[in-house]
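Chain E is fixed; fit chain X onto it per the hints.
Order-wise, the sequence lines are chains E and X. This note's numbering numbers the first residue of the first sequence as 632 and each following residue consecutively. This note's numbering numbers the first residue of the second sequence as 3 and each following residue consecutively.
Everything labelled a hint here was simulated from the structure, so no lab data went into it. Note that beta-carbon positions come from the ideal geometry of N, C-alpha and C, so glycine has one too. Each hint should be verified, as a subset may be incorrect.
Said to hold, decoys possible - Derived coverage of chain X by chain E (criterion: at least 3 residues anywhere in the stretch with Cβ under 8 Å from a Cβ of chain E; other residues may be distant):
#1 26-38
#2 90-96
#3 121-129
#4 224-236
#5 248-261
As the list claims (entries may be wrong) - Computed Cβ-Cβ distance ranges for the label pairs, DEER-style:
#6 ASP130/X x LEU777/E: 50 to 56 Å
#7 ILE792/E x ALA77/X: 33 to 39 Å
#8 TRP765/E x VAL133/X: 40 to 46 Å
#9 LEU258/X x THR638/E: 50 to 56 Å
#10 LEU237/X x TYR691/E: 22 to 28 Å
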Amino acid sequence: MAGRNFTFFKKRGNKGYLFILPFFLVMISFQLYPILYTLKLSTTSPVNLFENKFVGIENYERLLTNEVFLKSIFNTWFIWLMNFIPQIVFALLLAVILYEWQIRGKDAFRTVFFLPNLVTAASIGVLFAVLLDWQHGSLNHILMALKFIIEPINWLSKVSIARGAVAFIQWWQWFGYTTIIVMAGLSSISGELYEAAFIDGASKTQAFFRVTLPLLRPIILYVVITSLIGGLQIFDIPRVLTNGRGAPDNAITTMVLYLYNQAFKNFNVGYASSVAYTLFFMILFFSILSFKLLSGKKQRGGSEL
Amino acid sequence: MIYKRSRVESILLYTLLIILAVLAIIPFYMMVINSTHTNVEISKSLWLTPGTAIIDNYKIIQGKVNIWRGFMSSAIIAVPSVILSAFFSALTAYGFAKFNFKGKEAFFWVILATMMVPQQLGLIGYYDLCVQLGLIDSFLPLILPTAANAAMVFFVRAYIQSSIPDSLIEAAIIDGAGEFYIFIRIIFPLALPSIGTMSIFTFINKWNDLITPMVLLNSAKKFPMPVVVSNIRGLYETNFGAIYLGVTISVIPILLVVVFFSRSIISGLTVGAVKG
Chain E
632 MAGRNFTFFK KRGNKGYLFI LPFFLVMISF QLYPILYTLK LSTTSPVNLF
682 ENKFVGIENY ERLLTNEVFL KSIFNTWFIW LMNFIPQIVF ALLLAVILYE
732 WQIRGKDAFR TVFFLPNLVT AASIGVLFAV LLDWQHGSLN HILMALKFII
782 EPINWLSKVS IARGAVAFIQ WWQWFGYTTI IVMAGLSSIS GELYEAAFID
832 GASKTQAFFR VTLPLLRPII LYVVITSLIG GLQIFDIPRV LTNGRGAPDN
882 AITTMVLYLY NQAFKNFNVG YASSVAYTLF FMILFFSILS FKLLSGKKQR
932 GGSEL
Chain X
3 MIYKRSRVES ILLYTLLIIL AVLAIIPFYM MVINSTHTNV EISKSLWLTP
53 GTAIIDNYKI IQGKVNIWRG FMSSAIIAVP SVILSAFFSA LTAYGFAKFN
103 FKGKEAFFWV ILATMMVPQQ LGLIGYYDLC VQLGLIDSFL PLILPTAANA
153 AMVFFVRAYI QSSIPDSLIE AAIIDGAGEF YIFIRIIFPL ALPSIGTMSI
203 FTFINKWNDL ITPMVLLNSA KKFPMPVVVS NIRGLYETNF GAIYLGVTIS
253 VIPILLVVVF FSRSIISGLT VGAVKG
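One chain only, chain E, in its complex shape:
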């Protein structure tokens, strides 16, 4: 046996297995195993303190009729769409401005827009919670100083404003990042295409919609999918903003906040595991859908030439 192994690794290429082995050992034990174990848990329900029994898809059935869970799906999507749509619009606009118009201090603007992105989300959540506070918050003070409002508004106690606030914070944290990604996409578009378009009499707006936007499709796809994966898992800001209650009236209870509360507060481990898998399938489905929608048209655009 030892002799055979010796000849096996004598071939240089096979030594590659040894280099990638530690990664896969760690991945299997710390990532893959927990993922599969969670799948198994999602099909069980507690009998007593120590035992679980197999219940098949019962947890999933319960889930789909649970009002709070359905609400958490709605909240998660609402928050994601309300931040992603403005985010991509601003990113396209700002990227074109910063990239194609000679702007003084272009790099400085880019860095400043990006600044909120990497700051600890938990800190951002606390910061906005105090900035939006009813009596002490700076937002009310600013609005009152500007005479926009006469009395302080209790922002986070209103359902739609609380949700909007989370979407705004997400937008605020991510528009600079997306701008940078779109700018990288713009830099890969050849200037000759624009010259050709202008010679053919295209306006700036036409050039944007007919040249820039179609060629940015792969970059937009990348942004949609990464944002979808991250955005549907939103947890930190809703959790911190409301001290974990998701209040008022579960207005900002997102899917992962619901998962956390079910698993680690109420100890409904099997049930919470089915939340994890529902979220996973949802992300998978919509990632594939966006991939089909956004990359399929590329060939048609090509054949039109």
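Structure of chain X alone, referenced to chain E:
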């Protein structure tokens, strides 16, 4: 493509850019300013200039929780994670970049696939695993998984493929160097620019993580910064100056990292996007 523009267009453009820049900065500005005012001052009106209460606010914070201990815990988690992830990602990346073995493509697809899996998916199973291994309330389960960092393998592999020639490795083999020696003495140093860039992200991601330490740690004295900060509002419910100062202390290091490394961070972000 550079457009000519009128004066009116210029004014509109700069106005938009400046408004957005102010919007990006103003919450941080208010945070710093308010952390130097007393609770009474903050509740009464809006402050745009610093006050004098910063030391008092600091004393209030330290009276209830040792905020520097949060820093220590964060560092104890983030620093070893960065080292583990740098070493093992480079090792794996080199294995994929410069060796030809059966099933290489398939293994690499597995790595790409793990990048698409939501982090939260295995959390409950991971908690159970840590209970079985007796690793709850330990820093280890927060550090060890970082040895398998798919995004970093992907990035460093691309860098090794494009910037380290095969002839260099062949020459070292002819000179009688062992494979591991070649990795440590030649590959790792040469791949360091890409390893460095990705390590900034590993560090920030580990530093910012809230949900995993919340789930895996029990004792308050082990809580890293994000957990400490997320509890700060409950602790000082009525003292806004102290809350602002606590948030300021937690945010400043990351702001400095971002400003200081903005060039490498931005180049690191865009490589993934343009290739992907």
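Against the structure, the hints:
no. : hint                            : in the structure
1   : 26-38                           : holds (count 7)
2   : 90-96                           : holds (count 5)
3   : 121-129                         : holds (count 9)
4   : 224-236                         : holds (count 8)
5   : 248-261                         : holds (count 9)
6   : ASP130/X x LEU777/E: 50 to 56 Å : 53 Å, holds
7   : ILE792/E x ALA77/X: 33 to 39 Å  : 38 Å, holds
8   : TRP765/E x VAL133/X: 40 to 46 Å : 41 Å, holds
9   : LEU258/X x THR638/E: 50 to 56 Å : 54 Å, holds
10  : LEU237/X x TYR691/E: 22 to 28 Å : 39 Å, violated
The structure fails hint 10 only (numbered hints given earlier).
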